[in-house]
Structure formats: C-alpha cells, structure tokens
Amino acid sequence: MSQKERKHITREMKEFSDGCRDGLPIGLGYFPVSFAFGILAAEAGLSWWQGTIISLFNLTSAGQFAGLTIMAAGGTLLEMAISQFVINLRYSLMSITLSQKVDDSVRGIKRYLFPYSVTDEIFGVASARRRSFAGNPSASVSSTGDVSYSYWRGLRILPVAGWTLGTLTGALLGSILPQDLMNAMSSMLYAMFIAIIIPVAKKNRPVLIAIILAVILSCGFTFLPRAVPALAKLSISSGMAVIICAVVASLVAAALFPIREEADSPAASAVADAAGAASTADVGRGEGRS
Amino acid sequence: MKISDFFLYLLVMAGVTYLVRAVPFILIRQKIKSRFLNSFLYYIPYTVLAAMTFPAIFFCTDSVVAAAIGAGVALILSYFGQSLLVVAAASAAAIYFAGFIF
Numbered sequence: 040m041s042q043k044e045r046k047h048i049t050r051e052m053k054e055f056s057d058g059c060r061d062g063l064p065i066g067l068g069y070f071p072v073s074f075a076f077g078i079l080a081a082e083a084g085l086s087w088w089q090g091t092i093i094s095l096f097n098l099t100s101a102g103q104f105a106g107l108t109i110m111a112a113g114g115t116l117l118e119m120a121i122s123q124f125v126i127n128l129r130y131s132l133m134s135i136t137l138s139q140k141v142d143d144s145v146r147g148i149k150r151y152l153f154p155y156s157v158t159d160e161i162f163g164v165a166s167a168r169r170r171s172f173a174g175n176p177s178a179s180v181s182s183t184g185d186v187s188y189s190y191w192r193g194l195r196i197l198p199v200a201g202w203t204l205g206t207l208t209g210a211l212l213g214s215i216l217p218q219d220l221m222n223a224m225s226s227m228l229y230a231m232f233i234a235i236i237i238p239v240a241k242k243n244r245p246v247l248i249a250i251i252l253a254v255i256l257s258c259g260f261t262f263l264p265r266a267v268p269a270l271a272k273l274s275i276s277s278g279m280a281v282i283i284c285a286v287v288a289s290l291v292a293a294a295l296f297p298i299r300e301e302a303d304s305p306a307a308s309a310v311a312d313a314a315g316a317a318s319t320a321d322v323g324r325g326e327g328r329s
Numbered sequence: 037m038k039i040s041d042f043f044l045y046l047l048v049m050a051g052v053t054y055l056v057r058a059v060p061f062i063l064i065r066q067k068i069k070s071r072f073l074n075s076f077l078y079y080i081p082y083t084v085l086a087a088m089t090f091p092a093i094f095f096c097t098d099s100v101v102a103a104a105i106g107a108g109v110a111l112i113l114s115y116f117g118q119s120l121l122v123v124a125a126a127s128a129a130a131i132y133f134a135g136f137i138f
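Protein sequence lines, in the order shown, are assigned to chains A and B. Quick note on this note's numbering: the first sequence kicks off at 40 and runs consecutively. Quick note on this note's numbering: the second sequence kicks off at 37 and runs consecutively.
Hints in this document: simulated from the structure, not taken from any laboratory. A quick note: this is a predicted structure, and the numbers were derived from the prediction, not measured. Be aware that a few hints might be false.
Quick look at which bits of chain A chain B covers, simulated, 3 or more residues with Cβ under 8 Å [as the list claims (entries may be wrong)]:
1. 148-159
2. 195-208
3. 223-234
4. 237-245
As a list, the in silico SDA-like pairs of lysine to any residue whose alpha-carbon atoms are at most 20 Å apart [to be verified]:
5. 242(A) / 117(B)
6. 38(B) / 53(A)
7. 149(A) / 58(B)
8. 149(A) / 65(B)
9. 149(A) / 189(A)
10. 241(A) / 254(A)
11. 242(A) / 297(A)
12. 67(B) / 116(A)
13. 149(A) / 62(B)
14. 149(A) / 55(B)
15. 53(A) / 119(B)
Just a sample of chain B residues kept apart from chain A, beta carbon distances all over 10 Å, derived [what the hints assert, rightly or not]:
16. 53
17. 77
18. 101
Just so you know, even glycine gets a beta-carbon here, dropped at the ideal spot from N, CA and C.
Just chain B, with the same shape it has in the complex:
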C-alpha cells in the first residue's frame, strides 16, 4: 500500500469515527427537558453495557466453562460492592486459572 493511500484511509476512518462521537455531543448543549427522553437516556448506560457483556463474555476465551466461572466471580464480587479494579483482576485471574482445568 502506498503511504498516501494509507493516510487517505486513516483520514476517512478516524474522521468518520470522530464525527460519530462528536456531532451529537457538540450539538446537544441544552439539558433535555422531556421526561421520557431523560428516562430513556437514564437506562442507556446499563442496557448498552449489559448487551455488550452478555452473552459475549462466555466466548472471550477458548473454554466456555472457564469464562462462565470468570463471569460468576465478577457477578458475585460486584454484588458485594467491590471496586472496578478488584472485580476486573479477580475475574481475569479466575478465567486464567480455570483455563488450566477446563
């Protein structure tokens, strides 16, 4: 690939990605008044993260069982209010070591 082609691809790729992120953010300056819209936006973070996590987490490594153990560890620790870092590290460790067994 020519260097100039590479930079054209990069420009389009990064440009579109930036605009997708930036246009709504820059345009919406007012606080949204609609109760329905506010309710909708209130639920969005949780539904986005839930849809991205399940069922994808079960296929993040070769063994579905090991992944499920990692997911279980994350669910239990976060239920008891552990911090992001603790939950993430414990779950990754569980998946890694469970991978030796399953």
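Just chain A, same shape as in the assembly:
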C-alpha cells in the first residue's frame, strides 16, 4: 500500500469516527422517542417487526406518528402520501442546504444513499460541521465541502441504530422505563439543537437576530391558536410551522445581512466567521490535524 493510499484511508477513518462521535448524543436522544413509537405501534395492533421496519425505513418522528394513525384508522394511501409530504417537507429544505455542503466524495450511488438519513438532528449536526484544513494542505486537494460521505455514514449509524432498536424495544417491552426518565432523555435532542446554534449566535450577530426572529414566529404558531380559536381551525402541522418560521426568518436575515461574496459557498464564508466560534462539531478537533 502506498503512503498516499494509507493517508487516504486514515483520513476516511478519521471522518467516520468524527461522525460516530457526533452521532452518539443523537442516537441516545432518539431511543426514548422511538421507544414511545414502538409502544404506540404495538397498541395500534402492529406486530413488533412491523413497527421496527417502519422506523428503519422512515427514520422520522412526526411523519411516523401521523402514518401510524392513518394505518390504524384504515385511511387511504393518498391520505398517507399527503400527510408524509406535508409533515416531512422541511427535509427538502435541509437537503438543499446539505447539497451545498457535501464534498465530492458524495457521488454516484452515494448521492442516492445519502438523503435517506436527513433528519432534523443529523442535519443540524452536519450543517454545523466546519472542517479545518489548516496545516494539512493535502486534505483539501479533493475536498471542498465540510461533509464527506464517510463522516455522514459515521454520523448516521448510531441514530439509525437508536431509532430502530428503540422501536423494537418499545414494541416488545412496552412501558418498563419510567415516563419522566424517557421525557428527560428525549429532551436531549432539544439541548443538542441549543448546543449547535448558541456558539455561532454568540459570535455572529446576524445569526443571533435570525434565531430570535425564528423563535418569535415559532412562539406565535404555538401560542396564538390557543388564544384565538379561529387560528386553531387552520390546524397548521408542526412540520409546516417550522418551514414557515425558518423560511421567513432566513429571508429577512438574507435581505438584511447578506453573507460576504468572496467565498464560493456559504459554508466557506461561514468558516471565517466561525473560525473562533467553535461550532459544536469543532470542539476538540483541530489538534489532531496539525
């Protein structure tokens, strides 16, 4: 094996293990949520393997809960298709963002395998990743994006395992874990989102303003229908509410604070801002690269 090949393999393994490390909290957070799904699936009359393969093939929370309801009620396939489309449409937005962040290792069949595991959490972590090539020029030769296929594969393996095994355990064992422990575990997902956005918001005022705007809108979607019955009748799904909040806040931020032009991608210009901003994926990295 040439030295070049060996270097390449070492780099791939580093990418993969970086991914696994970043995916661990997602996998842990997924377990109780999918455990709850497993219980519900069993209650809806599905057998343990049916709930489990739903989780394996869908890898989405809100969509699966809605799909399960439709299955149990004997709804039509059209209803099923529409519900999944509306609830999961936010993933399209995430896929567009990720399409600008992947490097050229994502090609051929990998381009088709990649999007299976676009979830809120995996997307969040991957989009916060900033690879630093400083002191390692050889690493940048073939890679321009921050997300390589090896990293993505490492990142998704524990969440997919946690999500699938959680459903399996829930369907088989039902309610053996105390509810407040499950609640606390599932709250890890929210804490993770905070850990992704806060370090960047701290250093980058436009990001902070975009975040505050999105939160205000999101609170509006949550609380206004409770106060105004007419709005509750619109029954906007939570997936759709996220899309509206994120799109509006991002449009406003893009109009007020366009990112700098010199870089060829938003990720690249963000590197300058985030160099010291220790985006979560950065923490503890960098030393090993010099």
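For chain A, the structure is supplied; the task is to place chain B on it using the hints.
Positioned in the frame of chain A, the structure of chain B alone reads:
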C-alpha cells in the same frame, strides 16, 4: 390489518419520505451562485433548529419549570462552548432531577 395492506402503507410512507429528502439533493448538483440564495441557505440551519427548539423544549416533560431549568443549563453550557454530548447529558440530567422537585 392484512400483511399486504401493511406493506402498501409502508411503501407509500417510506417512498414519499425518501423522495422529499432525495429529490432536491439529487437534482441540485451545482454550487448555487446567487448571493441572496446562499445567504438564505446559510441562515436556514439556525432558524430551523431554533424554531423546532423554542418553545417546544418547555413542553418536553410534565413540568414546565423543570424543562425551563434544563433549557437554561443547555443555554449556559453551550454559551461556554461545551460539546454536544456534555450539553445534552447535563440538560437531560437537570430536567430529570428538577422533575422530582417541581
């Protein structure tokens, strides 16, 4: 439910979900040139995650106070640059133990 019905539901469910994720990803191969669009996409991760987290985090457990304490712990630790795992574990522990009190 018949097994064949189950697999039809599963096919539609997983198929639509996959296409929603895959179609934009597979179709967009070029780097986007528009400065406005790039700016928009730059803000998307942060606004998506912010909108999903707030105010939902306050209702993730029975006690709003316990949840708020967990959120506070997450905000403070991440402000001081702690890693994902530390923030997630500390916040979950805070919510769990605060749940005994509040």
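To see whether the hints hold, each was checked on the structure:
no.: 1; hint: 148-159; in the structure: holds (count 7)
no.: 2; hint: 195-208; in the structure: violated (count 0)
no.: 3; hint: 223-234; in the structure: holds (count 12)
no.: 4; hint: 237-245; in the structure: holds (count 6)
no.: 5; hint: 242(A) / 117(B); in the structure: holds, 11 Å
no.: 6; hint: 38(B) / 53(A); in the structure: violated, 46 Å
no.: 7; hint: 149(A) / 58(B); in the structure: holds, 11 Å
no.: 8; hint: 149(A) / 65(B); in the structure: holds, 13 Å
no.: 9; hint: 149(A) / 189(A); in the structure: holds, 10 Å
no.: 10; hint: 241(A) / 254(A); in the structure: holds, 16 Å
no.: 11; hint: 242(A) / 297(A); in the structure: holds, 16 Å
no.: 12; hint: 67(B) / 116(A); in the structure: violated, 36 Å
no.: 13; hint: 149(A) / 62(B); in the structure: holds, 10 Å
no.: 14; hint: 149(A) / 55(B); in the structure: holds, 15 Å
no.: 15; hint: 53(A) / 119(B); in the structure: holds, 18 Å
no.: 16; hint: 53; in the structure: violated, 5 Å
no.: 17; hint: 77; in the structure: violated, 5 Å
no.: 18; hint: 101; in the structure: holds, 13 Å
When each numbered hint is compared with the structure, violations occur for hints 2, 6, 12, 16 and 17.
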